[in-house]
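Just so you know, the sequences run in chain order Y and L. Under the working numbering, think of the first position of the first sequence as 18, with each following residue one higher. Under the working numbering, think of the first position of the second sequence as 44, with each following residue one higher.
Think of the hints as simulated: they come from the structure by calculation, not from any bench. One should not assume that every hint holds.
What the hints assert, rightly or not - Using C-beta positions, here's what the derived DEER-type ranges look like:
#: 1; chain 1: L; residue 1: Tyr251; chain 2: Y; residue 2: Ile62; range: 44 to 50 Å
#: 2; chain 1: L; residue 1: Leu433; chain 2: Y; residue 2: Pro65; range: 24 to 30 Å
#: 3; chain 1: Y; residue 1: Gly46; chain 2: L; residue 2: Leu156; range: 38 to 44 Å
#: 4; chain 1: L; residue 1: Thr208; chain 2: Y; residue 2: Ile62; range: 36 to 42 Å
#: 5; chain 1: Y; residue 1: Leu23; chain 2: L; residue 2: Asn148; range: 45 to 51 Å
Unchecked claim - Some residues of chain L that are not near chain Y, with every Cβ distance over 12 Å (derived):
#: 6; residue: Ala68
#: 7; residue: Gly184
#: 8; residue: Arg324
We put the beta carbon where it would ideally sit given N, CA and C, even for glycine.
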Amino acid sequence: MIGDALDTCDTCGNGDTMQNTYNHAANWGTSELDVRFRYTLDGVIEVPVGRGKLFLANQKMASVVLG
Amino acid sequence: MADVGAGIMPRDEIITGLLDPKITAGMPGVSVQNFGGIGSEAAGNSPLSKTAGVFDVAENMIWTHSKHMVSFGGEIMWIRPNTQAASGGRGSLGFTGAFTELPNNRSATGEGLADMLLGVANSVSTGSVIHSEERGRYYAGYVNDQWTSMQNLTLNFGLRYEYLTPFRDTQNRMANFVMDPGPLYLQFVPAGDSRLPRALMYGDKTNYSPRVGMAYKVPHVQDLTIRSSFGIFFAQDQGSGVTSRLSSNPPFYNYGAISESSDQLNVSTGFTLSSSTVIPRPTPVSGSAFVLVPTFAGGLTSWPTHYKNGRVQQWSLSVQKKLPWDMLFETNYVGNHGVHLLAREQGNQPTVLNGATVQSRRPLAAVTQSPSTALASGMRLSTRVFRPNLKNVLPREFLFEIQSPMGMLST
């Protein structure tokens, strides 16, 4: 994922205040939400446990919990 | 010496008046140079009691006719947030070492703990607890038509309307320091005053949200689908904490508050602790009886009298293509642009440094020397995301997913 995020203030909803009251445009800049690049790799693997599997094939509880 | 303000520590105000009478446990906050804060909940906002109390009724209907699937519905919410927080009610003392400095070497000497043992604080501040019982209502209705105009093209058209009434307090414990141009400019208006509605602002009735979308299966190309959408979404205002709301204005909050600091030189300007020292607590007054004087130290909050709900435009484009070996490639672009988002600013911010005192550089100094927290619906936000995605779609087998950079966006 790549992207950008800009705003006039990140935490001015509650707590902080804009730096320059008289020139909102001057507050425009990179946001706290700005994440320019994110790379993720994920996977799901089915474990060989429970009914019809290599391990604990006859264990009902194992099938319910793990199968 | 420190607790979480949960009532573990018995009430001890150290100096009479340093705790608000409604604080039933614990002690004031004490900060000593080079030591961690001591006292009950150094942040000062505990005990904090909040209830949301939202009652929500919603109804959704779907009517299918020929190539159209029309959905419509409505929603009503009764929003009843109650808040009670120690907030400024837990006063504080500050010991900086200013009074144990060597006169000929001030920057390298001085000890906060020694100042405390002398019983002279560099600063003292008090305030009051805050208590609000706000009530608001939210109304919304929508209609949407999902039209399968062709076998490989689906279009969506919709419109949503919503209206959130500005919040009022059940006991009228609110006031607004008006900073909008007009006849009420710089007037301090309590709830119940005929010059403004009870909620002290007018709601935004322009919250129309159009929604359009399409899904198109490209002919003559196997398993290639394009989707796109555009919509407008509105934000509500409950995100601002109780100390940013109109409940935080005097005399309902911080009435009689003091905030004093020494000149950092003379012990006589410090706050001397003794068994006979008393910080006076004035008798509470009604909103209409309160008179704003420029030296009021408790802080003021201003909301625009013609409030605009924050709104975000969102648009998206995605392309999905099934590849050989049960692979699915998908790429999404999503853009957002928000305007009128609620933000805090200092409505009485000092102008550029020109040698005069801070207070004299505040443009509203003749009315108030408070920084005057103003809630402006003027914040903007813009985000763009490009998200390529590749995944295996075989069920119940080893799955994997890769999101990788395959494009470039500039700012």
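Taking the hints in turn, this is what the structure says about them:
Remark: the range hint 44 to 50 Å for L:Tyr251 to Y:Ile62 is upheld by a beta-carbon distance near 48 Å. Distance hint check: the CB atoms of L:Leu433 and Y:Pro65 are about 27 Å apart, consistent with the given range 24 to 30 Å. Hint check: Y:Gly46 to L:Leu156, Cβ distance near 42 Å, so the stated range 38 to 44 Å holds. The hinted window of 36 to 42 Å between L:Thr208 and Y:Ile62 is violated, with their beta carbons roughly 52 Å apart.
Separation of Y:Leu23 from L:Asn148 is about 48 Å and conforms to the stated range, judged on CB atoms against 45 to 51 Å. The Cβ of L:Ala68 lies farther than 12 Å from every Cβ of chain Y, with a closest approach of about 26 Å, so its non-interface assignment holds. With a minimum CB-CB distance of about 27 Å to chain Y, L:Gly184 clears the 12 Å threshold, and the non-interface call stands. The claim that L:Arg324 is not at the interface with chain Y holds, since no C-beta of that chain comes within 12 Å of its own (minimum 28 Å).
Comparing the model with each earlier hint shows a violation of hint 4 alone; every other hint is respected.
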